[in-house]
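From just these sequences and the hints, can you work out the full model?
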Amino acid sequence: MADEKTASDVRNVDELVKGLWRDNPVFIAVLGLCPALAVTNSLENALVMGLATTFVLVGSSTLVSLLRKGIPKQVRISIYIIIIASFVTTVDFLLAAFAPTAHKAMGAFIALIVVNCLILGRQEAFASKHSVVPAMADAAGMSGGFTLALAMIGAVREILGSGTLLGFSLFGESFEPWVIMILPPGGFLTLGLLLVIFAWVKKRFEERQPGGLGATEPAAAKGGVA
Amino acid sequence: MSAKEPTSVRLVASLGAAGLVSGLLLVGVHLFTRPYIERNRAEFLEKAIYQVLPGTSETATLAVSGGALRPWDGQPGPELLYTGRRDDGTFAGFAVVGEGNGFQDTIQLIYGFDPERRVITGMTVLESRETPGLGDKIIVDEDFLENFEALAVEPAIVLVKNGTKTRDNEVDGITGATISSEAVVAILNRSSEHWLPLIDATPDDTTPVTDADGGGR
Chain Z
1 MADEKTASDV RNVDELVKGL WRDNPVFIAV LGLCPALAVT NSLENALVMG
51 LATTFVLVGS STLVSLLRKG IPKQVRISIY IIIIASFVTT VDFLLAAFAP
101 TAHKAMGAFI ALIVVNCLIL GRQEAFASKH SVVPAMADAA GMSGGFTLAL
151 AMIGAVREIL GSGTLLGFSL FGESFEPWVI MILPPGGFLT LGLLLVIFAW
201 VKKRFEERQP GGLGATEPAA AKGGVA
Chain Y
1 MSAKEPTSVR LVASLGAAGL VSGLLLVGVH LFTRPYIERN RAEFLEKAIY
51 QVLPGTSETA TLAVSGGALR PWDGQPGPEL LYTGRRDDGT FAGFAVVGEG
101 NGFQDTIQLI YGFDPERRVI TGMTVLESRE TPGLGDKIIV DEDFLENFEA
151 LAVEPAIVLV KNGTKTRDNE VDGITGATIS SEAVVAILNR SSEHWLPLID
201 ATPDDTTPVT DADGGGR
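Just so you know, the sequences run in chain order Z and Y. This note's numbering puts the first residue of the first sequence at 1, with every later residue one more than the last. This note's numbering puts the first residue of the second sequence at 1, with every later residue one more than the last.
Treat the hints as calculated values from the structure; they're not laboratory data. Being a predicted model, the structure only gives us computed values, none of them experimental. Careful, some of the hints might be misleading.
In silico contact screen, one side only, chain Y against chain Z (beta carbon under 7 Å); selected entries [said to hold, decoys possible]: (1) Ser-22; (2) Leu-25; (3) Thr-33; (4) Tyr-36; (5) Ile-37; (6) Val-119; (7) Gly-133.
The beta-carbon is built from N, C-alpha and C at its ideal position, and this holds for glycine as well.
Here it is as structure tokens:
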């Protein structure tokens, strides 16, 4: 495993920050779209989903990184899934016990975190090849980026679709909500527009700083994740 | 490729160990959270009963046994309904859970019934997956919910176009949520048809006794 050697050189801070912007799982890697579209009809739901995913991703990455030498590679995917599913079920029970309203609003989507390809992707592409600290930094950064993306989609959809933000009315009685924004098509429209904005900002940023951030980074961590 | 491949015993053992540890962890989490989850469920139901039987301060559970309503002995199985009693000890009515098909999935609701005035005293949706922003108005639309504050159930409840309610057994529908409004009315009709004979067959004096029994549990 050649990656072992480079692991110590990896800047942990960079692993943390890259998920927020440069490798943002939703806006750049376009991963985890099922929850990003399904439960972002309000900012609150988006935040709950983001935090639940954070718990699962940080927990799984830490454990996979700790156990990486003991897991035979022929059965690694099955073991990753067992680990991820355990964290997902735990967070499902905890939400039902301590945040019943939020749990109800999520419906089946908490259980479906298991199949969020962002999580399995980070295990395969990063946590299984790096030591604990960078693995945790990577997981925290990626989930931070995921939560941020969901919150942006959720805020746009809630403001336009319900005229509220976190349940507080913004525009008063005269505002007629754009119902389509909290329906499934609104999720696609919002995501599409945010992808365009992200891509545009990224392009402007790279044009202004030729050979800056993006250019020097190896495309290592991206791995063949579908 | 490394020189030696792990044996299949090792592979099976790794998977077995992962499954075992995961299973034990989940049993632990389940045991830890179960009391909280059950308490949440009971609180949620209790709150709904208070809402559909205005003025209620104490509730009791009845079960169907032998074609009549008796205090529930806590055993799972029989159909349940709830009674409410006000602060001054007077009987507030029955709270009944009903369910049926909505626009997308089953709608489960609870309504209060006053056997003396023969009216529904309130309705609230417990569970539904109606379209957000349209069908889910059956949960939040205050004008719609007002329909159920004194709704006669005999003859059967009729859904009418929004703003045209004139009789006691009519419900003003919600524009844009016709199917969901129809579903609510259908559930109420079906459920009251089923429960009214049972409620009427229960002798008047059992209800207060029942409440005294139920309250102590």
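**Request:** Enumerate the violated hints, using their earlier numbering and listing them in ascending order.
**Result:** Going through the list in order, the structure violates hint 6 alone and respects the others.
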